[in-house]
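Letter by letter, the chains look like this.
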Amino acid sequence: MDVLNSIEGDKMSNDIVYNYPKEKRFTLAILQDIQKEYGYIPREYMESTSHYLNIPLTDVYSLATFYKALSLKPKGKYAIKICNGTACHIRDSISILKELEDILGIKPGETTEDGLFSIELVNCIGACALAPVILINGKYYGHMTKEKVKALIDDLREVSTNE
Amino acid sequence: MNDSSKKKNILVCCGTGCLAHNSYQIYEDFRDKLSDNPNITVETIVKATGCNGLCEKGPVVKIHPDNISYFKVSIKDVDEIINTTIINGQIIDRLLYIDVNQKKRIVNHMEASFYKHQHKIALRNIGEIDPLDLEDYIENNGYKALDKVLFHMTPNEVIDIVEDSKLRGRGGAGFPTGLKWKTCQAYDNFPKYVICNGDEGDPGAFMDRSIMEGDPHTVIEGMIICGYAIDSHKGFLYIRDEYELARKNMQAAIDSARKFGYLGKDILGSGFEFDLEIVRGGGAFVCGESTALMASIEGNVGEPRAKYIRSVEKGLWNQPTVLNNVETWANIPPIILNGADWFKEIGTDKNTGTKVFSLVGKVKNTGLVEVPMGTSLKELVFDIGGGIIKNRPFKAVQTGGPSGGCIPNEHLDVGLDFDHLSAIGSMMGSGGVIVMDDTTCMVEIARYYMEFLSEESCGKCTTCREGIKTMLDILTNISEGFGELEDLEILESLGKTIEVASLCALGKTAPNPVLTTLEYFKDEYIDHIINKRCSAGVCKDLTTYYIDKDMCIGCGICSKKCPVDAITGTLKEAYEIHNDLCTKCGNCFTACPNGSVKIGGAAYAY
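Chains as they are written, first to last, in the numbering used here: chain A, 672 to 834; chain B, -5 to 600.
Simulated from the structure, these hints should not be mistaken for laboratory data.
Note that the Cβ used here is the ideal one computed from N, Cα and C, for glycine as well.
Any given hint could turn out to be false.
[What the hints assert, rightly or not] One side of the interface only, derived from the structure: several residues of chain B facing chain A at Cβ under 10 angstroms:
#, residue
1, GLY11
2, LEU48
3, CYS49
4, PRO197
5, TYR443
6, PHE515
7, ASP517
8, GLY548
9, GLY550
[Said to hold, decoys possible] Calculated Cβ distances over 10 angstroms to all of chain A for the following chain B residues:
#, residue
10, LYS2
11, GLN19
12, GLY83
13, ASP196
14, ASP235
15, LYS253
16, ARG274
17, GLU292
18, ALA417
19, ILE468
20, ASP481
21, ASP542
22, THR562
[Said to hold, decoys possible] Simulated coverage check for chain B against chain A, where a stretch passes if three residues somewhere in it have a Cβ under 8 angstroms from a Cβ of chain A:
#, region
23, 263 to 272
24, 277 to 284
Just chain A, with the same shape it has in the complex:
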């Protein structure tokens, strides 16, 4: 996977840790930047964060596991979030999740073997008028149906092959 290569090959990217003042309150912000850049929090980045801010590694780890925005496992190139807020739930968001599970062969929290897709069931993303809604890398897809999900995944696969 590209992501892993870029970490191993480029130690300089550790710079991401040093973008904030050396204060404990920036721990979450640093971890979020790492998450954004690599799609998860690699162990060595937790270590450098801990060294830099002079806080125990266990504290960094507890933050990384407490906050849902952070993940210890790599996410897919297309990180699919299925909203399961109440409005989406009562408009049957679970059937959208099931369809994605069927198509991709993975469960929430997992990533496909080719590293292309990961799925996650998330809390309300505040786009209730679009229910049921899914979010892929920041883009909203509203009023989802099983048919639309299938077409969307096909599209993304095609885009990815052509890249």
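Please arrange chain B on chain A, whose structure you already have, making use of the hints.
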């Protein structure tokens, strides 16, 4: 009107709902095509605005001063709007809003039932101004309240107005805002902090997002005013991780406010110093709780603490702190400008002003609405919301997010305010109103909330951590057909224990969805337990579908919609569902034009 009436404003809604339907491209298209169009003689200004509320019918394009509003606009409509409406002044009928209550097309959206019952204070600018344009805000009375406060009022006078207005915190608990400020001001301990809680997490509520995206300066102005009143020089905006656009617009607004002297060392030459910083939330629901939120800003895990000592005394870094919700902040500038009496005239005696509700679920007009406190639930759902989708029977409304309760038909006349909602076992919460029809299962909804809360419990208190998990297990059992009558008593006693023995509001209010559904929808629980039947057709283990042979008109639509060919029959004769093949997807039930597809219990087929 003055000269500006010759100027045409084209306002393209770029709230999240409309953006998902490519409204930004519509905005760009208007901007490009109008900038060098020789046929246009009037001056045109194209603006990308915040959310107009009626997200269901987006993208929304409004043309001022003609007051024409177009809905469901697509990129291919741009040329026609320019040629027909902007150049020739004619209205395009097919893009007008169809009012389901009045049964006609409406030119000015303000006359639509969805809007005309509304009274906008917190949302006053949203959809009317460009959130990224400071001047636009200033033209709409922006920073006038700040000017008034800094140069014509003492901190005590500011607090007096806010206290006199009886404004209560819009985040859910409804604590009097003025009293909070006053208490904090009294502590002689510096520095003090001002916090905006933008960690909107209640499922089904998105007013805070909309305000931060569509009118960020009003939040900033409210916070500076508080800073002046309590002698604080530093504020934080804690914004949810998922709200990227809100963070972006808020940051841009802070930058421009700083650039033009509204934030920083010597605000408008008054000598008063105040600055703001955004903190990105980490995606934990419990961080919407004030003490957990402060722990999170400090760089800790977001766990709440016991509030023997209030945050106004020892809050962020143990310093006196005022924390208010986004919507509360948005109410401050208008209160300062128009006075407490103006505000008190709106709403009811103990619940003054307005409240923004997000009307979602099985309702026709989904979106954000701002109405005076005390407006009845019926008016909200039926007059503004246009009633239930497909005119199905109304079953319940859930308010207050996971901390709230389900309100049945018999309480439809309840006035929406803090006190009345609490009286019937629900709560205001942040203002999410989720409408449910006969195809929503109340047992499953209770189960859903317990699942949500068991995930989001920070785990500190045993009752919350283990109690909610146990309630979830019991409810899952019931929804799968393994429930027993005594489960209901256990649920009730567990719920009461969690309420009294948990530390923060998350745990204390967690049993509400179960307790209210048990109170108002006990029959449905019993139906699940005794008859093994889910009348809403949601709990799949307790559902079978069958066709009422006397009603079926033999149109065959159900058979076409069935993904597994489980429905057979001949046209114009009654069709039949084969339960051995049926996957219970419910497509036939939704598709049937005359309701002949019925829901039976698990036992029906056997």
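Structure-based check of all given hints:
Here the hint on GLY11 of chain B is kept, as its CB sits about 5 angstroms from the closest CB of chain A, short of 10 angstroms. The interface hint given for LEU48 of chain B holds, since its Cβ lies 8 angstroms from the closest Cβ of chain A, which is under the 10 angstroms cut-off. Satisfaction of the interface hint for CYS49 of chain B is found here, the shortest Cβ-Cβ separation to chain A being roughly 3 angstroms, below the 10 angstroms cut-off. Given the 10 angstroms rule on beta carbons, the hint for PRO197 of chain B holds: about 4 angstroms separates it from the nearest Cβ of chain A.
A least Cβ separation of about 8 angstroms between TYR443 of chain B and chain A falls short of the 10 angstroms threshold, and the interface hint therefore holds. Taking 10 angstroms as the C-beta contact cut-off toward chain A, the hint placing PHE515 of chain B at the interface is violated, the least distance being around 15 angstroms. Evaluation of the ASP517 of chain B hint against chain A yields a violated restraint, the C-beta minimum of about 20 angstroms exceeding 10 angstroms. Because the beta carbon of GLY548 of chain B sits about 26 angstroms from the nearest beta carbon in chain A, more than 10 angstroms, this interface hint is broken.
Against a cut-off of 10 angstroms between C-beta atoms, the interface hint on GLY550 of chain B is violated, since the closest Cβ of chain A lies about 20 angstroms away. For LYS2 of chain B, the condition that its CB be more than 10 angstroms from all CB atoms of chain A holds, with the nearest at approximately 28 angstroms. Non-interface call for GLN19 of chain B relative to chain A: holds, since the shortest CB-CB distance, roughly 13 angstroms, exceeds 10 angstroms. Even its closest Cβ contact with chain A, about 31 angstroms, leaves GLY83 of chain B beyond 10 angstroms, as expected for a residue assigned away from the interface.
Remark: the non-interface label on ASP196 of chain B conflicts with the geometry, its nearest Cβ contact in chain A lying 7 angstroms away (cut-off 10 angstroms). The beta carbon of ASP235 of chain B sits about 4 angstroms from the closest Cβ of chain A, which is not more than 10 angstroms, so the claim that it is off the interface is violated. With a least CB separation of 23 angstroms from chain A, LYS253 of chain B remains clear of the 10 angstroms interface cut-off, as annotated. Here ARG274 of chain B does not stay apart from chain A, with its beta-carbon only about 6 angstroms from theirs, under the 10 angstroms limit.
With 10 angstroms as the threshold on Cβ separation, the claim that GLU292 of chain B sits away from chain A is violated: the shortest Cβ distance comes to roughly 6 angstroms. No beta-carbon of chain A comes within 10 angstroms of the beta-carbon of ALA417 of chain B; the shortest separation is about 23 angstroms. Under the 10 angstroms C-beta cut-off, the non-interface status given to ILE468 of chain B relative to chain A holds; the minimum distance is some 19 angstroms. Distance check for ASP481 of chain B against chain A: the nearest CB is about 23 angstroms away, which clears 10 angstroms, and the non-interface claim stands.
At the 10 angstroms boundary, the C-beta of ASP542 of chain B stays outside the reach of chain A, the nearest C-beta of that chain being 24 angstroms off. Its beta-carbon lying about 22 angstroms from the closest one in chain A, THR562 of chain B satisfies the requirement of being farther than 10 angstroms from that chain. Coverage of the region 263 to 272 of chain B by chain A is violated. Counting CB-CB distances below 8 angstroms, 0 residues qualify, and the rule asks for three or more. Look at the region 277 to 284 of chain B against chain A: 3 of its residues bring a Cβ nearer than 8 angstroms to a Cβ of that chain, three or more, so the hint holds.
Of the numbered hints stated above, those contradicted by the structure are hints 6, 7, 8, 9, 13, 14, 16, 17, 23, listed in ascending order.
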